[in-house]
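Colleague: Following the hints, put chain B in place on chain A, whose structure we already have.
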Amino acid sequence: MQMTHHIDPNDVGPNGRAEKVSAGKLHAAQYIVAGILIVLITGLWRLQVLGADNFRALAEANRIRKVPILAPRGRLFDREGRLLVDNYPSVSCYLLREQVKDLDVDLPLISQGLHIPIEQIQSTLRRYQIAPKYQPIPLKQDISPDEQAFIAAHRDELPELETLDEQRRLYPRDGFAAHLIGYVGEVSEQMLDDPRYAFYSPGDVVGRSGVEQTYDALLRGKDGSRDVIVNSHGKELGHLGQELAIPGKDLKLTIDLDLQIAAEKALDGKNGAIVAMDPHTGEILAMVSRPTYDPNQFSVRLTKNYWNEIINNPDHPLLNKSLQAQLAPGSTFKIIMSVAGLQENVAQTMHVSCNGGAEFYGHFYACDKHHGAVDINNAIPYSCDTFYYTLANRLGIDTIAKYATSVGLGQRTGIDLPDEVTGTMPSTAWKLKTQHDKWFAGETISVGIGQGAVTATPMQLARALSGIASGGVFRRPHVIFADEVPPEMQQAIQESFPGSGDAIIPLTTENWQLITDAMANVTSSPIGTAYAAHLEGVDFAGKTGTAQVIGHDALAKTNKGHNTEPNAWFVGMAPRRNPDIVVAVLWEHGNWGNNSAKLASQIIDAYVNKQRKRDNNIRIATTPEPAKPAAPTSETPTVPSAE
Amino acid sequence: MPRLSSYRDFDWVLLGFVLLLSLISVLEIKSATLHTKFHGFDHKQVQFLAGGIFLMFVISLIDYHRLIDIIHWAYGVSVLSLIAVLIVGTKVLGGRRWIKFPGGIHFQPSEWVKLVLILAVARYFWGLAGKELTWGDIGKAAAMVMVPMALVLKQPDLGTALTYLPILICGLFLGGIRVKQVGLVVLAIALIGGVAWKSGKHLKPYQQARINAFMDPDSDPRGSGYQIRQSLIAVGSGGIWGKGANKGTQTQGDFLPIPYTDFIFAAFCEEHGFVGAIGVLLLYFLILMRLIQNAQTASDLPGSFIIMGVVAVIVFQIAVNVGMVVGLMPVTGIPLPLLSYGGSSVLFTFLSLGIVMNIRMRRFVN
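Same order as they appear, the protein sequences are chains A and B.
For what it's worth, full-length UniProt numbering labels the leading residue of the first sequence as 1, then goes sequentially.
For what it's worth, full-length UniProt numbering labels the leading residue of the second sequence as 1, then goes sequentially.
If you're looking for bench data, these hints aren't it; they were derived computationally from the structure.
There could be a bad hint or two in this list.
[Stated by the list, open to error] Computed footprint of chain A on chain B, listed as stretches where at least three residues anywhere in the stretch have a Cβ under 8 Å from a Cβ of chain A:
1. 19–33
2. 47–61
3. 314–321
4. 326–336
A virtual CB, placed ideally from N, CA and C, is assigned to each residue, including glycine.
Isolated chain A, as found in the complex (with noise of 0.2 Å):
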């Protein structure tokens, strides 16, 4: 091995000659280095100076994180500025994927720590499986003060946990008003698919009914955001600077709320609705659906059970059946015959002899009483079934029709609340277009007393005596003063919510007048079929309606309790010309269009007292109590095992 024998530092070489490395290698070996050192130089350059802004932008991702703050929503009120629907502080978890180093060993720990059953945050991630990983998942709202020190504590195990201060819907307690005012809730899938949310993100909150939704763009307002320095692992480092949330506009809805009060009491423990509108405006005063819901559970902490429970309820409670009821409207409906007879000038020289009913086509149709010579005087208090079927024979189909339409049935109101329906006007025409069949004159018969095809909403019934009342000036109901809201959005509402709206009919003097006396007659007559709801000392008007669910012969067949019973109609007016309040009843089963009467007349009543107070000059302080949030507490389970 030439490795073990000693060398001379004085020798040559092992060779026997002074070697030396070649310059010519040494020199290749200076080009190399050169040639290396140039490469990396170019690699520098292409990062540093090509694709620097690139890159900065990178770094800026990198290290700030935009902290969201929530623009708080807009208040609602009365219009007399009382207090609806507040706000209330809340702070909320969310989950920042990021920032997460290895989820499964700190699912356990965060399930403990907030309360959430491991299996629900990983349907939580699931869900949000195709957002993007910058975008925070909410965990938990409303979390309680014990879970936001547990947060805090665990800042370093945990940097994927962060909490956000939010300001939640906090409605009025008992489901008051929960259909005019609606809920807010998370953005849904469909609806972000939708263009016109377009604007939303996932997790976003967003009116999803009644008022909350038609304004949800005044009332959301716009969310701002703090740019936070934070370090890789999410601590926060500094601040740069923040855009300042700009809150959501307060409404003001007209809404009244003594009159909401006393609406809301007249329906307890009843299913139907209660609309009240000002028939000069158009302006709903209150408007009641019944059973009704709690908003707040929508907003927070929506629990399996409670959405079954309402899912499942029978009676609908999610339904606002003001605007979603399409029944058979009655005998309500005989001012709308009385109306069309009139100016037809059929009516004003019919008379019927009424003997509990009379026979068309070989068939008898029944009345409920024998009310003997009848003429339109007496035919609207009377109810009196005979004369409107005669009516309706020889007026025909289509021109009853024309003036339903004409009035506003079977089309939307175009009312600024969503999901309004449109009822059923049956014409020839209708009954071609969706039945492919002729319309026999048999079937005329019925809807001259608002039954058959005929069907028609709360709402629709309103605002039809609301202009029948006034003389044939018909107002689009809404619920929402025209002034709070900017021109170019009431134009985009307005088209949003096709309907009827504004319309005007001729109608004469003496018609009006005939009306509106024989309707006078219905409550302050003791002949009338509402004397028992006549308010002493007021011009109270009106029309009940006792509309069948099944027929007579079914109805004596069977004996299903409660759902056989008729529905109760009413609509009624005060004072009897030149009404300041229009209001329609529906009671459903409430058996007799009377029993509804009473209810209205609860309204009526409170409007004429709060007219009188005011005119003492006597202030009225009547507020609903606000729901207090539930206090959150580590035991509130958020969703319920499946039972």
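Modeller: Below, chain B alone, put in the same frame as chain A:
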């Protein structure tokens, strides 16, 4: 002992450049550890530097021919120490690389094996000077390097193992390997490498992941691609002038992984920009040119071989480390000489420089 006047031949210019880089290193380590638990590593680096400079002067006193004389013993001890590491070594971060001595001293044999190999290769090719290299010669040289390399790979420490390769390549190049032989060797390596990569058995999963991440850094931005991605962001966002000392957001915000060792150049590039980076590379260029010049003026063949071996290791480390930081090379844990924090690296570099000084001081001896 050399006469004191020999210190006139000490390469003071080279030492000046080296100390300038060391100063930059200390300042950057200070900045990169400012907000971390490694705060104060700059002081430790100063201690390492002091130790390194002391050892540089000590080793320059011992005639390098004496070192070559005993190199076969040193080689044997090296191999034994590498085997010892595998048996009794302290396991840190999944690898056995250190031998722990009483008193808290950690010794990483693979670092000083570098120096041993430089001397051994020089000694070996000196013995072959003037004759054409046979396949047998090439095989023996390769075996000399590959045995410790295999032991270090076993630890596993791919980065350090790879730094042995340039010593062999440099030796073969200066020793007179012919073009035809180079071609065949390259072909063989390509074949073996290809088969090894295909079979996937010879690279640890994390090593494969690193190479995949190098090919496509965005494929796994939170996993293997994280380091390279954060490094590119740090370097790129530094721009032409940099963000200023202690102001690198990637470095200070702890986004850049280990910014005081393997990624120190990325931290420096972020804070001092393209201009600063060019400055550092220029210093390296001057140091390397100075070393090659010393190789030219060395009085004998082993002197030139040793210096060029040192050059080869330093160039390789710069190429791999800076190449990694700017995204031209896959991630390998190789420190950047004179800049990265760490005692072993500092000691190796200054011992190497000590031997270079040693050779320079004796250039007029024969």
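Colleague: Against the earlier hints, flag every one the structure doesn't satisfy and list their numbers going up.
Modeller: 1, 2
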